[in-house]
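Asks: Sequence:
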Amino acid sequence: MDDMFPVVDREDDRLLGGDIPLKGIQQIQSNTIDQMTRNGKEKNTPLDCSQCSPTTPLRDKQDTTGQPNIFEADKQYPSSRYYEPYEHRKVAHPLSYSSTLFLMIKGALGTGILTMPHAFKNAGYLFGFVGTLLIGAFTTACIQILVRSQYELCRRKKIPYLTYSQILGTALSEGPMRLRWLAPYGECLSFTALVLDEIGALCIYLLFIASNLREVFIQFTSIADLWFYMLCLFPPILLISWLPHLKYIVPLSSGATGIMIASLGICLRDIFTDFPSLANRHPVGRVTDWPLFVGTTLFSLSSIGVTMPLENEMQDPRQLTAGLGVLNVASAFTTIVFASFGLVGYLKYGNKTVGSITLNLPSHDMIANGINLLLCVSILVTFALPHFIVHDVVWTQLLRPRINTNSSRTFVLVWEYISRTSIVLLTFALSFLVPNLELFVSLTGALCLSLLSMWIPAIVNLLTFWHTHTGFHRVWFIGRNIAIILVACFVTVTGVYVSLENIARVVFKIS
Numbered sequence: 006m007d008d009m010f011p012v013v014d015r016e017d018d019r020l021l022g023g024d025i026p027l028k029g030i031q032q033i034q035s036n037t038i039d040q041m042t043r044n045g046k047e048k049n050t051p052l053d054c055s056q057c058s059p060t061t062p063l064r065d066k067q068d069t070t071g072q073p074n075i076f077e078a079d080k081q082y083p084s085s086r087y088y089e090p091y092e093h094r095k096v097a098h099p100l101s102y103s104s105t106l107f108l109m110i111k112g113a114l115g116t117g118i119l120t121m122p123h124a125f126k127n128a129g130y131l132f133g134f135v136g137t138l139l140i141g142a143f144t145t146a147c148i149q150i151l152v153r154s155q156y157e158l159c160r161r162k163k164i165p166y167l168t169y170s171q172i173l174g175t176a177l178s179e180g181p182m183r184l185r186w187l188a189p190y191g192e193c194l195s196f197t198a199l200v201l202d203e204i205g206a207l208c209i210y211l212l213f214i215a216s217n218l219r220e221v222f223i224q225f226t227s228i229a230d231l232w233f234y235m236l237c238l239f240p241p242i243l244l245i246s247w248l249p250h251l252k253y254i255v256p257l258s259s260g261a262t263g264i265m266i267a268s269l270g271i272c273l274r275d276i277f278t279d280f281p282s283l284a285n286r287h288p289v290g291r292v293t294d295w296p297l298f299v300g301t302t303l304f305s306l307s308s309i310g311v312t313m314p315l316e317n318e319m320q321d322p323r324q325l326t327a328g329l330g331v332l333n334v335a336s337a338f339t340t341i342v343f344a345s346f347g348l349v350g351y352l353k354y355g356n357k358t359v360g361s362i363t364l365n366l367p368s369h370d371m372i373a374n375g376i377n378l379l380l381c382v383s384i385l386v387t388f389a390l391p392h393f394i395v396h397d398v399v400w401t402q403l404l405r406p407r408i409n410t411n412s413s414r415t416f417v418l419v420w421e422y423i424s425r426t427s428i429v430l431l432t433f434a435l436s437f438l439v440p441n442l443e444l445f446v447s448l449t450g451a452l453c454l455s456l457l458s459m460w461i462p463a464i465v466n467l468l469t470f471w472h473t474h475t476g477f478h479r480v481w482f483i484g485r486n487i488a489i490i491l492v493a494c495f496v497t498v499t500g501v502y503v504s505l506e507n508i509a510r511v512v513f514k515i516s
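Per the working numbering: the sequence shown = residues 6 to 516.
Worth flagging that the hints you see were computed from the coordinates, not collected in a lab. None of these values were measured; they are calculated from a predicted model. Check each hint, because a few of them may be wrong.
Pairs of lysine-lysine residues, derived as DSSO-like cross-links and limited to a Cα-Cα distance of at most 27 angstroms, are as follows [as the list claims (entries may be wrong)]: (1) K163 with K357; (2) K111 with K95; (3) K162 with K95; (4) K95 with K163.
Per label pair, the in silico range of CB-to-CB distance [unchecked claim]: (5) E92 with T197: 20 to 26 angstroms; (6) R479 with A142: 23 to 29 angstroms; (7) A142 with L438: 34 to 40 angstroms; (8) K514 with G260: 26 to 32 angstroms; (9) R183 with I487: 28 to 34 angstroms; (10) D321 with L404: 34 to 40 angstroms; (11) P189 with S427: 24 to 30 angstroms.
Cβ coordinates follow ideal geometry from the N, Cα and C atoms, glycine included.
Sequences and hints are given; from them, build the entire structure.
Replies: This is the structure in structure tokens:
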């Protein structure tokens, strides 16, 4: 894509290789277009673009085959070719390369890494390790093309940035004419996928906390039912969901990463104590369990939720997708760490590995129990983040516009808290229905993360650049994106089917 547009030097706002400032070119071109428009109106003749500056040629309206080959944005904004979205972003506190790298790695270190040993149980240690590396590389490549597509869409629309939920709708509005009526539905699809992903995360957090609390307290009490511990969590979770602003949890969540690292340290200490041989460990798992592995790995590795917001806050967003950019370095690091942790965790516990490796720690180890309790507290606080995202979408997009603008502030506030409470009730209802951590993880990964990390990037890239390639490059471009969509389709269908099949066995007690 770099050779399609002139390279812009951000420091002096000039086109490299030329002496005319970028803003000067835009002004000259704008004046030329205005003059042509006035001439066209006076003579009642069509607009003639032949007078445009030779440095900014518009694409021919037809190619050699007679098919339309012009961007709709170029028709409306002839000078958008030189619009630089990164120059128009107003960021109060821009992030440096190192800060963005740290935040991206920090965002990846969640409950997902603790589920990786169970993912290896479904795949085998050899297939699991290689598969994790391939999935990490594949999803990173998909995010790369999504970021590049977002840049091009921003350039055409002459806007600084797009949120994730806006990208698909904008791409549809720039795609083939026959598909542009789908633009509003594309944005709705993105919203729905994001909401389902966050609801799945809420259920996973709830089941994770309840399962670890049961593991700690079962040695002191005879209560082993998971629903009891979930009910005990209802009051604090409800209070957290009622917090009007996330700033109230920032002091508490600042130590969450440290607690997670300490938990990983305790797990590794137990793993490498009396490390077993490979005699009873399978290099390749059953084929029917592979979809569960893929779903869990997608949930654990996907960084799509933090990538786009961080890109919008970077001091130099080009450093995100460079060869040694933030995305590649962070993804390589987290993929290797997750694959290694999943490998040693499975080799240690084998077929006894459960949904979270913290549940495999010895119950008599007081240090491990203490770390587990701190981990539960940190995740309980983190519960507010996905809840806030779901509430923000449901409230601002669905409920608030339907409330009369003349309603009292108290009336609006009551409905807002009804929305917050309903999300919590839905989370508990789903968790009660399927009280199985590993199945929720695999289902969320197979359904939501495959859509967000594979389907949408490939479709957006196809719609954005569908008429910019010719010859072999066009065949390669279309073939690459179709291949990604086919892989995503296979992952979604098989992952959802196997996950739902196992969920049905849990719910209906089918052996």
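Asks: Hint by hint, where does the structure go against what was stated? Just the numbers, ascending.
Replies: 1, 5, 8, 9
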